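> Please build the complete structure, drawing on both the sequences and the hints.
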Amino acid sequence: MSAAEPISRLIEALGKLPGIGPKSAARLAYYLLRASEAEARALAEAIITVKENTILCSQCQNISDCDPCAICNSQERDTGIICIVEEPLDILALERSGQYKGQYHVLHGVLSPMDGIGPEDLKIKELVERLKVSSVNEIILATNPNLEGEATAMYLQRLIPPSGIKITRLARGLPMGGDLEYADEVTLARALEGRQEV
Amino acid sequence: MTRPRVYKTEAIVLKRMVQGEADSIFTLYTPNLGKIRVVARGVRKPKSKLGGHLEPLTCSALVLAKGQNLDIITQAQTIEPFLPLRNDLWRTGCSLYAAELVDQFCAEQVENYHIYKLLHSTFLWLCEAPAAELVLRTFDLHLLSYLGYRPEFYQCVNCRAKLEPKRNLFSASGGGVLCPACGQTDLVAQPISTDAIKVMRFLLNQERSSSRRLRMSQELSWELEQLLRVYIRYLLEREVKSVEFLDRLRSSSYFLRSTT
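Residue numbers (my numbering), protein chains in the order written: chain A, 1 to 198; chain B, 1001 to 1260.
Be a bit skeptical, because a hint or two may be false.
As the list claims (entries may be wrong) - FRET-style restraints, in silico, Cβ to Cβ:
1. B/Met1017 - A/Arg77: 34 to 40 Å
2. A/Ala3 - B/Gln1075: 43 to 49 Å
3. A/Arg34 - B/Gly1067: 53 to 59 Å
4. A/Lys23 - B/Val1230: 43 to 49 Å
5. B/Glu1021 - A/Gly80: 32 to 38 Å
6. B/Gln1075 - A/Gln99: 55 to 61 Å
7. B/Asn1032 - A/Arg77: 53 to 59 Å
8. A/Glu76 - B/Tyr1234: 58 to 64 Å
9. B/Ala1131 - A/Asp179: 27 to 33 Å
10. B/Tyr1234 - A/Glu193: 43 to 49 Å
11. A/Ala40 - B/Glu1239: 19 to 25 Å
12. A/Gly109 - B/Tyr1007: 55 to 61 Å
13. B/Asn1032 - A/Ala40: 53 to 59 Å
14. A/Lys125 - B/Ala1161: 24 to 30 Å
To be verified - List time: in silico DSS-like cross-link candidates among lysine-lysine, alpha-carbon distance up to 25 Å:
15. B/Lys1166 - B/Lys1198
16. A/Lys123 - B/Lys1241
17. B/Lys1198 - A/Lys125
Just so you know, the hints here were simulated from the structure itself, not pulled from any lab data. Everything numeric in this text was worked out from a predicted model, so none of it was measured. The C-beta atom is built at its ideal place from N, Cα and C for all residues, glycine as well.
Following this line, the structure appears as structure tokens:
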């Protein structure tokens, strides 16, 4: 016997979420069925709001509820530095470090030849336009240190016109709590290249 | 082939797909097992001991444990990181093209040691050679040969007559060259120059190491690329995505090919 129509519809919808299989979807659906109406409504409204009330910031392309976003609008942040990241989640990670006080630019992806993702599919055009109108001293390439991230960083490095803008790349090397013995050759090579005088 | 519960292999990483919170599924090409898909747990965490050894386009020594569905990587040690492929976008694109072709053409768990050697030597060659096009065309032709799709460049594929240096045509569906008389048998056959036929024969017959002495004009190189592209597309029945990427790189105003 299959579940009643509204429930199976919910199970199907939940099952589309990443990491949720049919069993988990059914468990969640029955949990929501038993939950108070206020709880269910709050969840439904949160989902609707996230779709309706978020926009891309016209400057940094981050997902935001206002344009320009809070970071781009902030008076306390250094407008001369732009940190280029792959995804909005990377901004959260960098903000958690509390070390960075400049602005961001979100590419919403990385170059991935085997998946057919090229420069036109990323927010690169917006970055070039942004660089034309604002005075920027430094660009930090903060794409992930993997094949696709490196490829994207190389592409951007050549793309950004040599007009006195300093281009830097996040240091690549050994993670805190890491172990030399298990480090791979590429990481070790980069760690040696980027060694610093103490 | 049944594998023991824990086994060792060398492998070239073709592709990585993210899965779940911190896992990844890797497509590998191995000397004795052919193409395999395996999972590595927790590789996306910064402190993962495996992560760096499993970047695409790396050759690594692996220890795998048999899993219920996919086998699980338990140890990894880089053998050859092919560093120059990572430091130049054009070479990265070219080597991903080679990896994609192997991934597309090969079925899982079909052993083909020649293809492994070909991929390995192509990566090594791409690391040092300035003429990536020549490397890739040599790769295309040898890969097709090992797969059983070796194109015919000596006889007409229709009437079996020996090819003359005339206006011959290349037929993707025929798997080789058509003489002018048989040209009508394949309406989408493309013209192929006599020089192109000669270069294709040379690349197929010579040891890969000696073909690196060859010098080709841009036009000839482009002709070879176009013909093989049509043939490969016909065999795969789909586009090769990295080709689009390489085209876009070439056509962008910032042509990123390294001349070093």
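> Against each hint, give a clear statement of whether it holds in the structure.
Hint check:
1. Take B/Met1017 and A/Arg77: their Cβ atoms lie about 36 Å apart, and the range 34 to 40 Å holds.
2. One distance hint, 43 to 49 Å for the beta-carbon pair A/Ala3 and B/Gln1075, holds here, with the actual separation near 45 Å.
3. The supplied range of 53 to 59 Å is broken by A/Arg34 and B/Gly1067, whose beta-carbon atoms lie about 36 Å from each other.
4. The hinted window of 43 to 49 Å between A/Lys23 and B/Val1230 holds, with their beta carbons roughly 47 Å apart.
5. Separation of B/Glu1021 from A/Gly80 is about 37 Å and conforms to the stated range, judged on CB atoms against 32 to 38 Å.
6. Range check, B/Gln1075 to A/Gln99: about 35 Å between beta-carbon atoms, so the 55 to 61 Å window is missed.
7. Checked against the given bound of 53 to 59 Å, the beta carbons of B/Asn1032 and A/Arg77, roughly 56 Å apart, stay inside it.
8. Look at A/Glu76 against B/Tyr1234: about 60 Å separates their beta carbons, and that is inside 58 to 64 Å.
9. B/Ala1131 and A/Asp179 have their C-beta atoms about 41 Å apart, which leaves the hinted 27 to 33 Å range violated.
10. Taking the beta carbon of each, B/Tyr1234 and A/Glu193 are about 45 Å apart, inside 43 to 49 Å as hinted.
11. Range check, A/Ala40 to B/Glu1239: about 45 Å between beta-carbon atoms, so the 19 to 25 Å window is missed.
12. Distance hint check for A/Gly109 and B/Tyr1007: the Cβ-Cβ separation is about 36 Å, which falls outside the suggested range of 55 to 61 Å.
13. For B/Asn1032 and A/Ala40, the hinted distance range of 53 to 59 Å is satisfied, since their beta carbons lie about 55 Å from each other.
14. Against the hinted window of 24 to 30 Å, the Cβ-Cβ separation of A/Lys125 and B/Ala1161 comes to about 54 Å, which falls outside the hint.
15. The hinted pair formed by B/Lys1166 and B/Lys1198 meets the criterion: a straight-line CA distance of about 13 Å does not exceed 25 Å.
16. For a cut-off of 25 Å, the pair hint linking A/Lys123 to B/Lys1241 stands: about 20 Å separates their Cα positions.
17. A distance of roughly 44 Å separates the Cα atoms of B/Lys1198 and A/Lys125; the hinted pair therefore is violated under the 25 Å criterion.
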